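J.: These are the residues of each chain, in order.
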Amino acid sequence: MAEHAHTQPPSDPELRIKALESLLVEKRLIDPAAVDAIIETYETKIGPRNGAKVVARAWADPDYKVRLLADGTKAIAELGFTGVQGEDMVVVENTDEVHNVVVCTLCSCYPWPTLGLPPVWYKAAPYRARVVSDPRGVLLEFGTRVSDDVEVRVWDSNAELRYLVLPQRPEGTEGWTEEQLAELVTRDAMIGTAVVAPPAKGDAS
Amino acid sequence: MNGVHDLGGMHGFGPINPEPNEPVFHHDWERRVFGVMIATFGGGHYNVDQFRHAIERMGAVEYLTGSYYEHWLAALETLLAEHGVISHQDLAARLEQLRSGGH
Amino acid sequence: MPVVSKDFVPVLIKTGGSTRVAKPVAPRFRAGDHVVVRTMHPEHHTRLPRYARGKRGIVEEDHGVFVFPDTSAHEQGERPQHVYSVRFTSRELWGPQAPDRDTLRLDLWDDYLDLVV
Numbered sequence: 001m002a003e004h005a006h007t008q009p010p011s012d013p014e015l016r017i018k019a020l021e022s023l024l025v026e027k028r029l030i031d032p033a034a035v036d037a038i039i040e041t042y043e044t045k046i047g048p049r050n051g052a053k054v055v056a057r058a059w060a061d062p063d064y065k066v067r068l069l070a071d072g073t074k075a076i077a078e079l080g081f082t083g084v085q086g087e088d089m090v091v092v093e094n095t096d097e098v099h100n101v102v103v104c105t106l107c108s109c110y111p112w113p114t115l116g117l118p119p120v121w122y123k124a125a126p127y128r129a130r131v132v133s134d135p136r137g138v139l140l141e142f143g144t145r146v147s148d149d150v151e152v153r154v155w156d157s158n159a160e161l162r163y164l165v166l167p168q169r170p171e172g173t174e175g176w177t178e179e180q181l182a183e184l185v186t187r188d189a190m191i192g193t194a195v196v197a198p199p200a201k202g203d204a205s
Numbered sequence: 001m002n003g004v005h006d007l008g009g010m011h012g013f014g015p016i017n018p019e020p021n022e023p024v025f026h027h028d029w030e031r032r033v034f035g036v037m038i039a040t041f042g043g044g045h046y047n048v049d050q051f052r053h054a055i056e057r058m059g060a061v062e063y064l065t066g067s068y069y070e071h072w073l074a075a076l077e078t079l080l081a082e083h084g085v086i087s088h089q090d091l092a093a094r095l096e097q098l099r100s101g102g103h
Numbered sequence: 001m002p003v004v005s006k007d008f009v010p011v012l013i014k015t016g017g018s019t020r021v022a023k024p025v026a027p028r029f030r031a032g033d034h035v036v037v038r039t040m041h042p043e044h045h046t047r048l049p050r051y052a053r054g055k056r057g058i059v060e061e062d063h064g065v066f067v068f069p070d071t072s073a074h075e076q077g078e079r080p081q082h083v084y085s086v087r088f089t090s091r092e093l094w095g096p097q098a099p100d101r102d103t104l105r106l107d108l109w110d111d112y113l114d115l116v117v
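Chains as they are written, first to last, in this note's numbering: chain S, 1 to 205; chain Y, 1 to 103; chain P, 1 to 117.
No lab work stands behind these hints: they were computed from the structure.
Given the structure is predicted, the values throughout are model-derived calculations rather than measurements.
30 Å max Cα-Cα, derived BS3-like pairs, lysine-lysine: (1) K27/S to K6/P; (2) K14/P to K53/S; (3) K6/P to K53/S; (4) K18/S to K6/P; (5) K45/S to K18/S; (6) K23/P to K74/S; (7) K27/S to K14/P; (8) K14/P to K18/S; (9) K14/P to K65/S; (10) K14/P to K74/S; (11) K53/S to K123/S; (12) K53/S to K65/S; (13) K45/S to K6/P; (14) K45/S to K74/S; (15) K6/P to K123/S; (16) K74/S to K6/P.
Produce the complete structure using the sequences and hints provided.
T.: What follows is the structure, encoded as structure tokens:
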């Protein structure tokens, strides 16, 4: 691996992981090519576009939606999204009565196969501390207002079940293809801090 | 354990400040920490519960002031030492080598 | 210890490692049960957040049998048991000023709960 010039001295964590990784490689306990492949997979191949496809299919296909809500793991696997941190999936549906939002107060548990790796804010203290006791205030910080007559339901992923929010399908998307629908679905809508906005007039239909 | 990681309901952490369009990793060292963790986890060196508990044992101040992947790095160092894989002495020696310019 | 090879990486990632245990463990609770979360002060690893201890909720669903992290983190075995989705009202957790409609769900193991009779 090419050395790059340091304009500042390497940081403490940079040296620590270099020390650790070099020792593990020397002891033949890890394969550096495997480490590179792991990094590349999560940096470039797995991300929220996966979850958006699941949501779009559920919007377009009512039978799929029934299967998805009954057994999230199995239905999500139909699209090929399986594995690490998604072995036991539960999909929770937003309705006119219930708005769902997901957190892991104790660490950072998140459904990797459908959403990729979590953003910094999801893993940091402010969100983890506050969304369980003031979800409406947290949602407002994200620009999402939930009406008083809607139940806000917070899911704290403290066990190995992983949660994906199925957002409500917005108005103005009748007849759209799954590909078009998927483009509307944001990562934050699948965590529950956002909703999927209706398309601007003139968007493809 | 009743560590500071058990954050649900606590006050005083300020606004959430989501970063728009943030990259998956903010530093190359974070990439390496992530990759090494998955590789050693996949190799059976520890289970997920041990990993989380190692993070919880970091120390309250270190936990709150450390970034996410610094938590992972601390857990890796702790577990690999406790499981007799890479001792703290070997790690310290390698760090000293790297600091003094060896590659 | 096996070394994960580059070729094995896609298999590792796609397969993962569920902590479900295929053992016929009898559940202590069922959907609809009123439960109270045990008061505990563990120095060991636990996945029971402080904010839920001593609180009352309702079992909504039985997720099945999983490894118990409180023992698994300490090489004390899997102690497989049922995990339930338990519903708490916001008011139960945070007091009367919380919105009366809002709720929270936690996934709780058999050993974290007692039945309210």
